[in-house]
Amino acid sequence: MNERNVIKSAQNGDREALRLLFEENRQKIFSLAYQYVKNVEDAEDILQETFIKAYRSLHKFNPQNNMRFSPWLYRIGINCSIDYLRRNKQRKMHDSGSDGLDNVSSGTLSYDPEQARSRKEIREKIDHTLNRLSGRQKMIFILKHYQELTCAEIADYLNCSEGSVKRQLFRAVSVVKKSLKGLIMENSYEVQKI
Amino acid sequence: MKCKKYEEKIILYLYGELNEKERADLLSHIKECSGCAQDLEYTKKVFKALDDSKEEEAPQANWEKSWKEIRSTTKVQTREKKSFLLTQRWAYATAALLVVFVLGALIGRFWFFPVKESPFRAGAAPTAMNPALIEYMDDLKPILIEYANYTSSEGTEETMLIDKDTLRSLLVQNLLLKDIIAKSNPSLLPLLDDLDLVLKELSNMKRGDKQTPSMIKELIQEREILFKMEIFQSM
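Here the protein sequences come in this chain order: A and B. Take the first sequence: its position 100, counted from the start at 1, is 100 in our numbering, and no numbers get skipped. Take the second sequence: its position 213, counted from the start at 1, is 213 in our numbering, and no numbers get skipped.
Since the hints were made in silico from the structure, they are not lab data. One or more of the hints may lead you astray.
[Said to hold, decoys possible] Here are the in silico distance ranges between beta carbons for each label pair:
| hint | chain 1 | residue 1 | chain 2 | residue 2 | range |
| --- | --- | --- | --- | --- | --- |
| 1 | A | Gly182 | B | Arg71 | 44 to 54 Å |
| 2 | B | Gln60 | A | His59 | 29 to 39 Å |
| 3 | A | Arg87 | B | Glu41 | 33 to 43 Å |
| 4 | B | Gly35 | A | Leu20 | 48 to 58 Å |
| 5 | A | Lys120 | B | Glu41 | 57 to 67 Å |
| 6 | A | Arg75 | B | Ala95 | 15 to 25 Å |
| 7 | B | Gly35 | A | Arg87 | 19 to 29 Å |
| 8 | B | Ser28 | A | His59 | 51 to 61 Å |
| 9 | B | Arg71 | A | Arg75 | 42 to 52 Å |
| 10 | B | Arg71 | A | Asn2 | 21 to 31 Å |
| 11 | B | Lys68 | A | Gly135 | 26 to 36 Å |
| 12 | B | Cys3 | A | Asn2 | 34 to 44 Å |
| 13 | B | Leu176 | A | Lys53 | 52 to 62 Å |
[Unchecked claim] Just so you have them, the derived chain B footprint on chain A, three or more residues with Cβ under 8 Å:
| hint | stretch |
| --- | --- |
| 14 | 69–82 |
| 15 | 132–138 |
From a predicted model like this one, the values you see are computed outputs, not experimental measurements. Yeah, the Cβ is synthetic: ideal placement off N, Cα and C, and Gly gets one too.
Using the sequences and the hints given, assemble the complete structure.
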């Protein structure tokens, strides 16, 4: 069954079709939400909100307009994440985010305990800095840096101009650069030659 | 000292967001500007730190738990929709039963206990009719008073002429009121007939006509039209 038929079935109330559509996209949405809130429980809440919102507006989705389901759902996920963070701004996101930081794979990190501590410090600093950005700026940064979307794609998802995305990305990275100033100088990072 | 102009370009360059021309421009600038070259090196380190902080893979979502939640929420909605439909159906059934009951009660009331006409109500203007009749008489009264006080003098007739549209409207209203009142309050019909006569005389009155105003004055006095109107309005 192709995607169009699955969507049609889901629109007609077929629960299995709905599950299939959601299951195909769940990890992508969850990963975005997790990078955004750095907390498994909150990311799961965002995932649920995204799917419930998508279910409620499924009747508006028209695959005939060359619209693809995955980007449509992803857009809802982005907006749900921004809304979620806005609603829970009072909560210290990075405090609850320790579960993510402690579970970081050590593949790219040194086993030297001193260096590991220093890198942990940098990670915490980055998370803290990202939490100081506006919800939209943080989302642009995550979509660009972690989800590796192009500025044009981000502009499309956020319904704004590419220039605006570039400006906000520049501001977000500038804040991160500034906040890491002292820490980076003390650590030697191998960088590629251009 | 880094250059403001290239600050943003360095970041966009590392993200691969510059076109060929912009890229070439930045690279040639960096060869000459030590401040921007330093900024590029530092930004690369920041990017490396950011990459290191990135988890290789986000944890897996507990899909079964999430789906259970989503399923229960969407299920509740479906049930709510159904119950709403059921409520609507019940509302229609209740309304239909109510209509049948009210109709039955009314038919039974008039079939078994016919309404006796109250002696007080006989001859009285029905309450529902009063506003229309009162309004009609209020419109007519000033005209009739003017004609009742008519004295023949030079040019008076000119000022007493009523425009044809007003008269036509008053005649139509009279006709409609007569039709309605004939069933509910026939005692008012003679008064409406008199008013109809006066209005027709007024409609036929020509410019410079000195006889008709006097004739109308007599008609109003003879038939005691204003007096009857007063009585009606005080009821």
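Hint check results:
1. A:Gly182 / B:Arg71: 44 to 54 Å: 50 Å, holds
2. B:Gln60 / A:His59: 29 to 39 Å: 31 Å, holds
3. A:Arg87 / B:Glu41: 33 to 43 Å: The hint (33 to 43 Å, Cβ to Cβ) holds, given that Arg87 of chain A and Glu41 of chain B are roughly 40 Å apart.
4. B:Gly35 / A:Leu20: 48 to 58 Å: Holds, at about 55 Å.
5. A:Lys120 / B:Glu41: 57 to 67 Å: 24 Å, violated
6. A:Arg75 / B:Ala95: 15 to 25 Å: 44 Å, violated
7. B:Gly35 / A:Arg87: 19 to 29 Å: 42 Å, violated
8. B:Ser28 / A:His59: 51 to 61 Å: Cβ of Ser28 of chain B to Cβ of His59 of chain A: about 55 Å, so the range 51 to 61 Å holds.
9. B:Arg71 / A:Arg75: 42 to 52 Å: 23 Å, violated
10. B:Arg71 / A:Asn2: 21 to 31 Å: 24 Å, holds
11. B:Lys68 / A:Gly135: 26 to 36 Å: 29 Å, holds
12. B:Cys3 / A:Asn2: 34 to 44 Å: The hint (34 to 44 Å, Cβ to Cβ) is violated, given that Cys3 of chain B and Asn2 of chain A are roughly 53 Å apart.
13. B:Leu176 / A:Lys53: 52 to 62 Å: 60 Å, holds
14. 69–82: violated (count 0)
15. 132–138: The restraint on the stretch 132–138 of chain A is violated, since only 0 of its residues have a Cβ under 8 Å from chain B and three are required.
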